[in-house]
Amino acid sequence: MKLEGEVRIPSGCAIAAVISREGKKMTGELITNAMKPMHDRSNGLGGGFAGYGIYPEYRELYALHIFFDDRTARENCERFLEKRFEIVQSEIIPTRKIPAITDEPIIWRYFVAPLKSVLASLQLDEKAFVAETVMKINSEAEGAYVFSSGKNMGAFKAVGFPEDVGEFYKLEEYEGYSWTGHGRYPTNTPGWWGGAHPFTLLDYSIIHNGEISSYDANRRYIEMFGYKCTLQTDTEVMTYIMDYLLRVQGLTLEEASAVIAAPFWSTIANKPSEEDRRLNTYLRTVYSSLLVTGPFSIVFGFTGGLMALNDRLKLRSMVVGEKDDKVFIASEEAAIRTMEPDVGEIRAPFGGEPVIVRVKEGVEL
Amino acid sequence: MTVLDANGLDFRTLGERVRAAEGDVEIDNCCGQRFIGAGMSARNIRIDGIPGNALGAYLDGAEITVHGNAQDAVGDTMNDGRIVIHGSVGDAVGYAMRGGSIFVRGNAGYRAGIHMKEYKNKVPLMVIGGCTGSFLGEYQAGGVIVVLGLGANGRRIVGNFSCTGMHGGKLFLRGDGHDVLFPAQVTARPAEKADMEELRKYVAEYCALFGADVGEILASPFTVVTPDSKNPYKRMYVSN
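Protein sequences appear in the order of chains A and B. Going letter by letter, the first sequence gives residues 426 to 790 in the working numbering. Going letter by letter, the second sequence gives residues 791 to 1030 in the working numbering.
Any given hint could be a false lead.
[Unchecked claim] Which stretches of chain A does chain B cover? Using the computed rule of at least three CB atoms under 8 Å from a CB of chain B, they are: (1) 461-470; (2) 489-495; (3) 597-604; (4) 720-728.
[Unchecked claim] Residues of chain B placed beyond 10 Å of chain A at every Cβ, according to the derived structure: (5) D800; (6) C821; (7) Q823; (8) G829; (9) G839; (10) Y848; (11) N859; (12) D862; (13) S878.
For the record, the hints were derived by calculation from the structure and aren't laboratory data. This structure is a prediction, so every number in the text was calculated from the model and none was measured. Beta carbons: idealized from backbone N, C-alpha and C, even for Gly.
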């Protein structure tokens, strides 16, 4: 059987997300339940979640979630990690045996701090070092795959329907100020756990409904900057594009949106503000290889916030609603009503219009 | 009237119960079940909650009323009957619609009325009370689309690229349309007396359903969009 990464997998999918602007904690049960009315958007070949604020007791440490094929892969990987990090805590990620989820790999998490001596000798900042380590493991280590590497956040994913994946990982035992959830509908899959969403790097995570036509053009460009697309699932490249634009290039979320979902030239020409026209022309020109074409609706998670974005033609559905401190995003209104029956007006953002929600300043996350 | 509680039912079970019920049906606690009323004729279906995608697909004469919002692809390829939405709808409402009518009190998403068509006496009608997203009436080949833009507060009432590829049918937009960029193959002109008489029927039905004032709505100018000729894309790809 060919593994993911050796075959190309287009996907359909369901997305949902919730964030509290006050930083109030919600258990993972809320987002798990949101996936239920969208059951038919997935086909049981991938489900996953990201929770932010779930590891407050280790908030200064990187939480590495890793899949291992076997014990040897784990031991080899641990030896590699020990050379680079102080491992403060290592443990099996608790799961629940349920008939709907089978063939699980060995799933561990490590709370780690980069060794200062290694950082100094490599002359890398901490985040660049962690990102490089993740790339190294995922492209070189046999039987090991890091699927989450941020501080005070974590991704949980598996082959299965998303509501079952939430139960499998006991998400009701975690509390976060924001959550994203994804149900996958690949039309052809060898069924590997790493291929489920979210795709993450550091504290960035992406869930995606759609199919990126520009995948290979985007991949060729982003790999020039040290990223390695090991899975050939299109969403992976989008995670690295966001990391590159935000962390490396220092763009704002709005600017990054104008790169990946750039308006048509005719739309830019008709913008009333000279400054808007100039900025959009600049971004489209400089980052032309990072324009993402084809249908997508995504939710991008980061420390302290979420961003939802549609492709510029809006070829996938996505709606947004609010109630009190909470903002809800989903492929379908039914998912939002499941999280909050009394949600206010439901809004459908325009194609290419980012919806950015942040926890208000001053709240300790 | 049969009352069905949709709570916890998947779309297949709910669909079977709707089909098994004789006569009119009320569905309560609806939450995302797809294909409700698909292909149905000669009965009334009333829905409380949020019906799932493809509500009333291939509808063939039934009347569906939703007391709330609906999701994507409402009335996909419907042939006859009426769908009344008291809230807003998602993308691709009336996709490839070929008969019957859809009335939406609020807004519609992207691609409303895409590829709507008509044949002889089968002329579909879609009235959107609020605003729409981009690609309204893309590839429209027949039928009538009305966008009233109620509650727009000066904002443009349709998105970008309206009427792209339009080669039949008619679109009514409330307002003078000065802020809408139409493609070269269509003509946008102010509504004339005959147009307004035709429009009055549609607006009156909208107002009867949702309780707005016909005179107030029609007091505004309207823009009528039609394709330039029967075959505006002749020789675009091949001689046809």
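Problem set entry | Coverage of the segment 461-470 of chain A by chain B, judged on three or more residues with CB within 8 Å | holds (count 4)
Exercise. Regarding the assertion that Q823(B) does not contact chain A, is the least Cβ-Cβ distance greater than 10 Å?
Worked result: The claim breaks: Q823(B) does not keep its Cβ more than 10 Å from every Cβ of chain A (closest is about 8 Å).
Problem set entry | Check on Y848(B) being off the interface with chain A, judged by Cβ distance over 10 Å | holds (18 Å)
Exercise. Looking at D800(B) again, its CB stays over 10 Å from all of chain A?
Worked result: violated (7 Å)
Problem set entry | Verdict on G839(B) as a residue remote from chain A, using beta-carbon distances over 10 Å | Violated: least Cβ distance 8 Å, not greater than 10 Å.
Problem set entry | Assertion that N859(B) lies farther than 10 Å from chain A (Cβ) | Given a closest Cβ separation of 6 Å, the condition is violated.
Problem set entry | 8 Å C-beta criterion, at least three residues: is the segment 720-728 of chain A covered by chain B | That given contact is violated, which follows from only 0 residues of the segment 720-728 of chain A lying within Cβ reach (below 8 Å) of chain B.
Problem set entry | Beyond 10 Å from each Cβ of chain A, as asserted for D862(B) | violated (5 Å)
Problem set entry | G829(B) non-interfacial with respect to chain A [C-beta, more than 10 Å] | G829(B) clear of chain A: closest Cβ-Cβ about 18 Å, beyond 10 Å.
Exercise. Regarding the assertion that S878(B) does not contact chain A, is the least Cβ-Cβ distance greater than 10 Å?
Worked result: violated (7 Å)
For this session: Establish whether the coverage given for the segment 489-495 of chain A by chain B is satisfied; the threshold is a Cβ-Cβ distance below 8 Å, and no fewer than three residues must meet it.
Result: violated (count 0)
Exercise. Is the Cβ of C821(B) more than 10 Å away from each Cβ in chain A?
Worked result: The claim breaks: C821(B) does not keep its Cβ more than 10 Å from every Cβ of chain A (closest is about 5 Å).
Taken one by one, the earlier hints fail for this structure at numbers 2, 3, 4, 5, 6, 7, 9, 11, 12 and 13, listed in ascending order.
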